[in-house]
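Read top to bottom, the protein sequences are chains A and B.
Take 8 as the starting number for the first sequence in the numbering used here and just add one per residue.
Take 23 as the starting number for the second sequence in the numbering used here and just add one per residue.
Where hints are given, some of them may not hold.
[Unchecked claim] Below, a list of computed lysine-lysine pairs in the DSS-like style, where the Cα atoms sit at most 30 Å apart:
1) A/K160 to B/K114
2) B/K114 to B/K27
3) A/K155 to B/K218
4) B/K304 to A/K155
5) B/K209 to A/K21
6) A/K122 to B/K297
7) B/K163 to B/K200
8) B/K218 to A/K123
9) B/K163 to B/K224
10) A/K82 to A/K122
11) A/K160 to B/K304
12) B/K83 to B/K65
13) A/K123 to B/K200
14) B/K105 to B/K203
15) B/K366 to A/K11
16) B/K182 to A/K122
17) B/K291 to B/K304
18) B/K203 to A/K122
19) B/K34 to B/K182
20) A/K146 to B/K414
21) A/K137 to B/K83
22) B/K304 to B/K182
23) B/K139 to B/K127
[What the hints assert, rightly or not] Output of the computed footprint for chain B on chain A, the stretches with three or more beta carbons under 8 Å from beta carbons of chain B:
24) 78 to 86
25) 114 to 120
26) 147 to 160
[Claimed, not checked] Some chain A residues flagged as far from chain B (calculated, every beta-carbon gap over 10 Å):
27) L19
28) A35
29) K36
30) G39
31) D49
32) S66
33) R67
34) I68
35) I130
Worth flagging that the hints you see were computed from the coordinates, not collected in a lab.
From the three backbone atoms N, C-alpha and C, an ideal C-beta is built for every residue, glycine too.
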Amino acid sequence: MPKKFYLTKKGLEKIEKEYQELKKTRFAKINGESPKIWHSEDVNPEYLSFQEDLNFLESRIAELEYILESVELIKIPPRGKQNIVDLGATVLVEFNGETDEFTIVGTMEADPPNKKISEESPIGQALLGKKVGETVVIKTPIINHSCKITKIKYNII
Amino acid sequence: MKGVKKFKIDTKELSQKEKVLFNKLISAAGLIASLYLKQKNNKYPGANFYPHDATKEEIEKAAKTTPAILSPYTFIERDKSGKLIAIPYHLKFKKELKEISKLLKEAASLSQDQNLKAYIRSRAEDLLTDNYDRSNVLWLKTEKSKIGCVIGAFDRYLDKLFFKKRAYMAWVGILDTKQTKEAEKLKSMVLLSERKYLHGAKKAKIPQIKVRVENSAIFSGLIADFMFVGNNLPSSADLYLIKKYGTLFTIFNPTVKLRFEKKIFPIFKIIFGEKFQKKYSKEELYLAFLRSIILHETCHSLMRYEDATIRLQEFFPFFDELYTDILGVKSCGSLMLKDALTQKELETFLIIYICRHLHWLVSVAKQPHLIHYATGGAISLHFLLEGKALKKERDTFQIDFGKLFISLDQLSHALEYYMAIGNYVEAKKFIEKYGSFTIFRRYFSPKLIKISES
């Protein structure tokens, strides 16, 4: 089964925008004047750089196409299920002698400095599917921490 | 020049005018060393701040009628009748401070950077009054300035009798923009979560924590002696300022590199077996060392209590320095659980934690003023060996990372208690029980003798 990429609406818009822009750049590059391959007996360095840029563009475009084909939009769960941690949930937890708040997102949008934690991180994995008031144990080869969920909220994402 | 350490620095990003300004600051910084050397005396716990024949009780008694005796900015001497009297720093060093102040004013007049200009001008005045409040507040606004300079009497490590008197120091450097951004990012991630505090603790809220990483040109006075890798100001004794305006910590690139090369990495090579060493590159370990310093300085501001320095008195820095290190480790644990750090990065951080603490214990024999840090190292080792986090295998040591985390967690609970609500007598007993160097001497000292001699 192909891997699914979970994205918020904002995240999807960002990916789509990048995809369209890269396609435009590729079009302009291919249809513009490209440097000649030969310059005296050596390969023209300008041509090499042009080809390198193009290769990079092609691979990023292919990557984005793959993501867009396998994307699944993160949606707010129905009211009755909003007491369970799912993708897009902002959770308030107590662990490691601290209180912490963050939103669980797909790996593509993970950004810990901005409180967006990947579903695949140890804490993300441990919290998914759990309810308010539950204490879960986050197990890693080095750390075993218990983590209590004190609040779950779903904002418009 | 005694009491001064100079570093090679690239000044090409400075304009001609800035270079003149920079050199004036370096000259002013250099002059601070002589004041520090008059304060320093490793033979006595009170250094040269108090008469060497005066007992703690006598000084405390005299301070009841003359509070200036325990002012942070006075020397205590005996008058002709033998009575203890207080001489303010700015009077004792009037001539020297006037010269330093003049150089600072000249430097300020050359600055196009208005924040730096206002700060240096104000510092030039404050040096002559022993009240640094105004210039400290202005200094906190210079975190983005290309040129960095701190000059004055701030840290109290030299006064092991009361932990009151401030020692002179100065540094001058140039901002490392790229590293500062990295440090800023790490610091911000740690500050996202909020620590829980013990019931009854008088927690001081810090409005902002700023950071800058500098390529240093000169260290003078206390900082040249201690060779700090980072420094956090205003001092924890100036909590009223910190609560209102926040703090700014500085990381010094040259000493970070120097300490890693000369002490931390060689300790790693001696203590751990070859197979274990091969798992971690020098670059990974260096990054962990740099991060450990950033987290250490960040965590200083996470554990400020209104009354900690009063309750713990001269034992305060023992707890302060050790606990900040452990909070740094705990923060890294949280970052790994959030995928902000990899497991390997956490492992390198824990390895560096051990090497740093061994470094203090190795260095204290030749640098007795490092006793606060070394005692923290001894306490750590005690907990790690008792918790079987560190095990001797033939000629080397093995780390059990899981047990290490548990041991440090246990130690952190004890330290939190002392910092938050513990009293002087309890703190003293804890230090006496766990702070002995016996374990270090038995297990590590023979292997690390070469490092202490380097």
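Going down the list of hints, with the structure as the test:
no., hint, result
1, A/K160 to B/K114, "violated, 63 Å"
2, B/K114 to B/K27, "holds, 25 Å"
3, A/K155 to B/K218, "holds, 14 Å"
4, B/K304 to A/K155, "violated, 38 Å"
5, B/K209 to A/K21, "holds, 28 Å"
6, A/K122 to B/K297, "violated, 38 Å"
7, B/K163 to B/K200, "holds, 19 Å"
8, B/K218 to A/K123, "holds, 22 Å"
9, B/K163 to B/K224, "holds, 28 Å"
10, A/K82 to A/K122, "holds, 19 Å"
11, A/K160 to B/K304, "violated, 44 Å"
12, B/K83 to B/K65, "holds, 23 Å"
13, A/K123 to B/K200, "holds, 24 Å"
14, B/K105 to B/K203, "violated, 54 Å"
15, B/K366 to A/K11, "holds, 27 Å"
16, B/K182 to A/K122, "violated, 43 Å"
17, B/K291 to B/K304, "holds, 10 Å"
18, B/K203 to A/K122, "holds, 18 Å"
19, B/K34 to B/K182, "violated, 42 Å"
20, A/K146 to B/K414, "holds, 27 Å"
21, A/K137 to B/K83, "violated, 62 Å"
22, B/K304 to B/K182, "violated, 36 Å"
23, B/K139 to B/K127, "holds, 9 Å"
24, 78 to 86, "violated (count 0)"
25, 114 to 120, "holds (count 3)"
26, 147 to 160, "holds (count 6)"
27, L19, "holds, 21 Å"
28, A35, "holds, 32 Å"
29, K36, "holds, 31 Å"
30, G39, "holds, 34 Å"
31, D49, "holds, 34 Å"
32, S66, "holds, 25 Å"
33, R67, "holds, 23 Å"
34, I68, "holds, 27 Å"
35, I130, "violated, 4 Å"
The structure does not agree with the numbered hints 1, 4, 6, 11, 14, 16, 19, 21, 22, 24 and 35 stated previously, though it agrees with the rest.
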